[in-house]
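The whole structure should be built from the sequences, with the hints applied where relevant.
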Amino acid sequence: DAMVIQNPRYQVTQFGKPVTLSCSQTLNHNVMYWYQQKSSQAPKLLFHYYDKDFNNEADTPDNFQSRRPNTSFCFLDIRSPGLGDAAMYLCATSRDPGSYEQYFGPGTRLTVT
Amino acid sequence: KNEVEQSPQNLTAQEGEFITINCSYSVGISALHWLQQHPGGGIVSLFMLSSGKKKHGRLIATINIQEKHSSLHITASHPRDSAVYICAVPGGGADGLTFGKGTHLIIQP
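Chain order of the listed sequences is Z and Y.
Each number in the working numbering corresponds to the 1-based position in the first sequence with 10 added.
Each number in the working numbering corresponds to the 1-based position in the second sequence with 512 added.
Calculated directly from the structure, the hints in this document are not laboratory data.
None of the values given here were measured: they were computed from a predicted structure.
Don't take each hint at face value.
[Stated by the list, open to error] Distance condition first, Cα-Cα at most 30 Å in a straight line; then the derived DSS-like pairs of lysine-lysine:
| hint | chain 1 | residue 1 | chain 2 | residue 2 |
| --- | --- | --- | --- | --- |
| 1 | Z | 54 | Y | 565 |
| 2 | Z | 48 | Y | 613 |
| 3 | Y | 580 | Z | 54 |
| 4 | Y | 613 | Z | 54 |
| 5 | Y | 566 | Z | 54 |
Structure (structure tokens):
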């Protein structure tokens, strides 16, 4: 049974048109992460939620926002997608920060036209 | 910031060969992750280890905390092992991961 689910798996949006990616988990984990992986590059952490506390990485553009309405769901909002935002977006969860295994969703591949 | 280096970047081997992928990092850590990514994007956690050695089936991971180095070994490699293998360490906010660039492994029949 899938434990971290991402929808949609593939998303096409137009330049400048807001888009929302969804992640849900059945693990009841406290921490949810969003990573961006551009073609042939390593994934890069954008931000995380630790329970209801949101923290973005220092170099995450303001164009990226996130919402976590409850423990199970987390959303990634891209307010005005640019061509450079085309990437695979990976959601992951962890029971707590620190030395705990991370569980990844299948990813959403975003195309910007 | 922790710098994570993997080698080799690309590896092609014949079925049955013993495979070794290396990872080094620059700052001391509490644990290191080995991950597998297949074409299409999904990432699967293989190991998380903080000392010594772990084994799961044909996969073995070792870590030397003093030398800041870890290795992933695959015994009796099989074409289905073909994937990108990624080493990652905690270091981001709330211990999000910093990833190595990955090793693209191809096992030929």
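Results of checking the hints against the structure:
1. Restraint check for residue 54/Z and residue 565/Y: satisfied, since their Cα atoms lie roughly 27 Å apart, inside the 30 Å limit.
2. The hinted pair formed by residue 48/Z and residue 613/Y meets the criterion: a straight-line CA distance of about 12 Å does not exceed 30 Å.
3. Taking the CA atoms of residue 580/Y and residue 54/Z, the gap is about 21 Å. The hint holds against a cut of 30 Å.
4. For the hint linking residue 613/Y to residue 54/Z, the alpha-carbon distance of about 11 Å falls within 30 Å, and the restraint holds.
5. Among the hinted pairs, residue 566/Y with residue 54/Z is consistent with the structure: their alpha-carbon atoms are about 26 Å apart, no more than 30 Å.
Taken one by one, the earlier hints all hold for this structure without exception.
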